[in-house]
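Trainee: Add chain B to chain A, keeping to what the hints say.
Residue numbers (this note's numbering), protein chains in the order written: chain A, 1 to 116; chain B, 1 to 118.
Accuracy of the hints is not assured; some may be wrong.
As the list claims (entries may be wrong) - Footprint (simulated), chain A over chain B, 3 or more residues, beta carbon under 8 Å: (1) 25–37; (2) 42–49; (3) 105–118.
These aren't lab readings, by the way, just hints derived from the structure by calculation. By construction, the Cβ of each residue, glycine as well, lies at the ideal position given by its N, Cα and C atoms.
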Amino acid sequence: DTGVSQNPRHKITKRGQNVTFRCDPISEHNRLYWYRQTLGQGPEFLTYFQNEAQLEKSRLLSDRFSAERPKGSFSTLEIQRTEQGDSAMYLCASSLGSSLNTGELFFGEGSRLTVL
Amino acid sequence: SQQGEEDPQALSIQEGENATMNCSYKTSINNLQWYRQNSGRGLVHLILIRSNEREKHSGRLRVTLDTSKKSSSLLITASRAADTASYFCATDDSITGLYGGSQGNLIFGKGTKLSVKP
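Next up, chain A with everything else stripped away, as it sits in the complex (with noise of 0.2 Å):
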């Protein structure tokens, strides 16, 4: 399978706990997002890598949450401290993006976490 793999795709913690997601993006693209989407809502960016570098963060992402993708391949995020509010579908996404414009998302499955 050469899409974009997303472990665990479950996740169920108890608030206060820490818990880190992997993403597997396909491997020749550049970019590599993070989203969030919550019951009924359309996804809530997160933030976005161009090869290793972290390019941008949402302004309203919390400071308990980090990502990382060393070397450019895969991503982790991780979530400290999880409140129950952050129970949410994280979907991670890769695609082939220029400076000109960002291209076609390819997403993974998803990963689901609940906190109790």
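Mentor: The following block gives chain B in isolation, referenced to the frame of chain A:
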């Protein structure tokens, strides 16, 4: 934050009918894209229309873009039960970003939930 706003929020039609969904946005854009999402799954890209294009076709899909009204529409012709899904528009803002062009991220609307009954 979400820029695009789809209308209607929900649409229920019979198989064989056409489905039209609309999207309005706020800022200047480089391009506008439409995505589809089946329940509990990731999003799938349907079509991209650039700011200098007015209409685009792909199979049973027809997309229009009116930059003067900051709006787009997605038409699905001869709908099938398998078209049941949520549909989102997404805009690639033309606000100058790090590289002097695209800001880099894609902003999604809240979506239209389409139900096609057999």
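Trainee: Next step is simple, just say for each hint if it's right about the structure.
Mentor: Quick rundown of the hints versus the structure:
{"no.": "1", "hint": "25–37", "in the structure": "holds (count 4)"}
{"no.": "2", "hint": "42–49", "in the structure": "holds (count 5)"}
{"no.": "3", "hint": "105–118", "in the structure": "holds (count 7)"}
Consistency with the previously given hints is maintained throughout, with no hint failing.
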